[in-house]
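Engineer: Listed below are the residues making up each chain.
Protein chains: 2
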Amino acid sequence: MNRKIVHIEDYKKFVGMETVERVKEKAKLLQGLRVAHVNSTFYGGGVVEILSPLVLLMNSVGINTEWRVIQGSPDFFGVTKKMHNALQGGKINLGKRKKQIYEDVVYQNAIRNHLDHDIVVIHDPQPLPMINHYRKKGPWVWRCHVDLSHPNPVLWEYLKPFIEKYDAAVFSLKEYAKPLKIPQVFIMPAIDPFCIKNKRLTEREVKERLEHYEIPTHRPLVVQISRFDRWKDPLGVIRAFKIASKKIDATLVLLGNIAIDDPEGEKVYDSLLEARSEKIVIISREDTALVNALQSRAAVVLQKSIREGFGLTVAEAMWKGTAVIGGNVGGIRYQIEDGVNGFLVSSVKQASERIVQLVKDEKLRHSMGERARETVKKKFLIIHSLEKYLDFFNAFETNYKLNCSVLEDSYLEQSCSN
Amino acid sequence: MNRKIVHIEDYKKFVGMETVERVKEKAKLLQGLRVAHVNSTFYGGGVVEILSPLVLLMNSVGINTEWRVIQGSPDFFGVTKKMHNALQGGKINLGKRKKQIYEDVVYQNAIRNHLDHDIVVIHDPQPLPMINHYRKKGPWVWRCHVDLSHPNPVLWEYLKPFIEKYDAAVFSLKEYAKPLKIPQVFIMPAIDPFCIKNKRLTEREVKERLEHYEIPTHRPLVVQISRFDRWKDPLGVIRAFKIASKKIDATLVLLGNIAIDDPEGEKVYDSLLEARSEKIVIISREDTALVNALQSRAAVVLQKSIREGFGLTVAEAMWKGTAVIGGNVGGIRYQIEDGVNGFLVSSVKQASERIVQLVKDEKLRHSMGERARETVKKKFLIIHSLEKYLDFFNAFETNYKLNCSVLEDSYLEQSCSN
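Taken in order, these protein sequences are the chains called A and B.
Each number in this note's numbering corresponds to the 1-based position in the first sequence with 318 added.
Each number in this note's numbering corresponds to the 1-based position in the second sequence with 318 added.
Wrong hints could be hidden among the right ones.
The list makes no distinction among identical chains, and a pair is therefore deemed to hold if it is satisfied within one copy or across any two copies.
Here are the simulated lysine-lysine pairs, DSBU-like style, with alpha carbons at most 30 Å apart [said to hold, decoys possible]: (1) Lys322 - Lys455; (2) Lys331 - Lys342; (3) Lys399 - Lys515; (4) Lys399 - Lys322; (5) Lys515 - Lys414; (6) Lys399 - Lys454; (7) Lys496 - Lys483; (8) Lys455 - Lys706.
Keep in mind the hints are simulated off the structure, nothing from the lab.
With the rest of the complex left out, here is chain A (with noise of 0.2 Å):
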């Protein structure tokens, strides 16, 4: 009955046995430690996706780690959202009213979750005020996967005094510290291996998935795979595959999704579908197996992005020994060492010649996907967001009220203003 939960060993073959002992050694410290995790759903979105594999595995390495999940009413995540892309440089309108609604929905939530673990991980802005409905019995820790680059200054300074209550903040890039009160840790998300994304496919299960879109397969594959958002660029994807096609015979695949609460993705995807033609194939769909299958067989896989948090895509195609060619700006650059493990590009015209370089030299591409496939190895698979936090707590439990020195090793880095 339990053959379906994946085990610290079950990583022995993508990591090595070197490294699941030493993530195991650096856990039994921390044996019997009792870890809640909150965030607000259980579908959808790169948190789930993160914390699903994240939360059995640190069972499975003896902390006993609980999910929490709070519950939202409409209004509540109209609000949260509003936050979510304001955190991000959006716009906001912070009145009474929304502030009363999003602080009100925390307090019952607070009421509903009797949170008396060692250390408490509170992600995103959703849950952020719970910290105020608690005494604490261990470290609490604020873990923010946004984009923090530019976040909206008002909303920054509402939420500031919620987040300094709490013991240290994590964020995915050194990028996004801020000046705050409290120590910062920077770990970068992860991928999980043993998903239906990013499993191996056989060679039939991705023809399956191709032939069920009518994808066709005859010419070698160029891929995006991403929201259609203006900063995910898409149309640049178009024109720079459109110039590339002078030069050599390829088939592009856009594959994405709206969110439903984004009128603008409508926009961009409208904006799309002029373009389509027998080489040009536009799909709005959310089917995991048919980005794994896209992400295995393509010859080139582009996250073409002007602006982006982590991108995590880039990471799940570098994990099918796949070349990238990854727009240069945010976490894309520490996933992507510009030509070793793919390509950066900063322009329609790199990408379409890089395109036509890649397509053109098979050799290369293969090359440059296995030493992707290992660099995801070495960084980004979820048992390596395991060994950070394990060295985060471990952190901790020696002092549990962190300074500015305690986290300076090769696996933390971290910035304080205090």
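Here the structure of chain A is known, so what remains is to put chain B in place on it, guided by the hints.
Structural biologist: Below, chain B alone, put in the same frame as chain A:
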């Protein structure tokens, strides 16, 4: 900031000081008790409507009550939906694969939920096998909200070993009692008088909602609010209304919705549409404020079910002081005392006669409506459910292993076959 949380004291205005004090007294022995409720969703359905206020109210009387939700994959919910239908008598092809999905997903949730509470209440079949994965610290209770009059025997035999690991089972009606080796307790569902569906609306709010849906109000309203499902007999309602219309001048409103996964519901809905006319309004919509407005404004509310679990829409309408004509089946018979606070009917003819009688006799429907509201005040508010849980918990506190003699008081009834 705490303004939106309902406290036990807020019930004084409905049930009086004495009842509130009695309930608080019963909670005194349970101060600090740690209780967890576990179900499968935060959104939609009767169980959520009960748990949402009940959990807050339990905390309000000093019981540390948590609400946990399990996470399920689409195939898991596919299986449990079939189980739900089969528990109500439907068919199920219960193969090895379905059992595996069911038990694997529950096991994953067991890992993510560290249930070490004094009392654990597991709701409905979805999280039922959780009990296999814990060393119990106190009693575990299975609280089943499903109509169990005729469960599919194959499914029942599969679930029974899980059920019998519990210390007690709670069903909504005595009629659902089963030959089980554990004690069975009966707690009827109840309504939340503070939620949007049941709180007092102003005349203006009622008018606004009805106008929004262009519901004519110049004639008396005859209303049925119920899923479009043949057991709710919407066609019978239309026939009864047409017969009644020969003697009275009224408008019929059928408000319902179709469960997304219910192809039969769509057929039922379509079969009604040809009856639409100037005097017959049929709306498929989820809008709790509209439910409230219709129940508040109606001259008569029908719940002409041919088969019914509990039929909480009856209590909802009675709470608004409206006269209700209910089918003489299931839990409706516990809510309506025929001829006193409403009418029970067993045929289209009877229903049409009662419609005519009530629409013609304003005084009768007002006096019945008043008695209806009194009934709900006495028996079907969340505080009454709370009181029954408290009696139940107190019985455990004095006697962890319940036996057949423990629960025989006026609030709890039980059967036992061991």
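Engineer: If a hint holds in the structure, say so; if it doesn't, say that too.
Structural biologist: To see whether the hints hold, each was checked on the structure:
1. Lys322 - Lys455: between (34 Å within a copy, 27 Å between copies)
2. Lys331 - Lys342: within (16 Å within a copy, 58 Å between copies)
3. Lys399 - Lys515: both (26 Å within a copy, 26 Å between copies)
4. Lys399 - Lys322: between (34 Å within a copy, 22 Å between copies)
5. Lys515 - Lys414: between (42 Å within a copy, 25 Å between copies)
6. Lys399 - Lys454: Within one copy only: 28 Å inside a chain, 40 Å across chains, cut-off 30 Å.
7. Lys496 - Lys483: within (15 Å within a copy, 52 Å between copies)
8. Lys455 - Lys706: Classified as within: same-chain Cα gap 22 Å, cross-chain 34 Å, threshold 30 Å.
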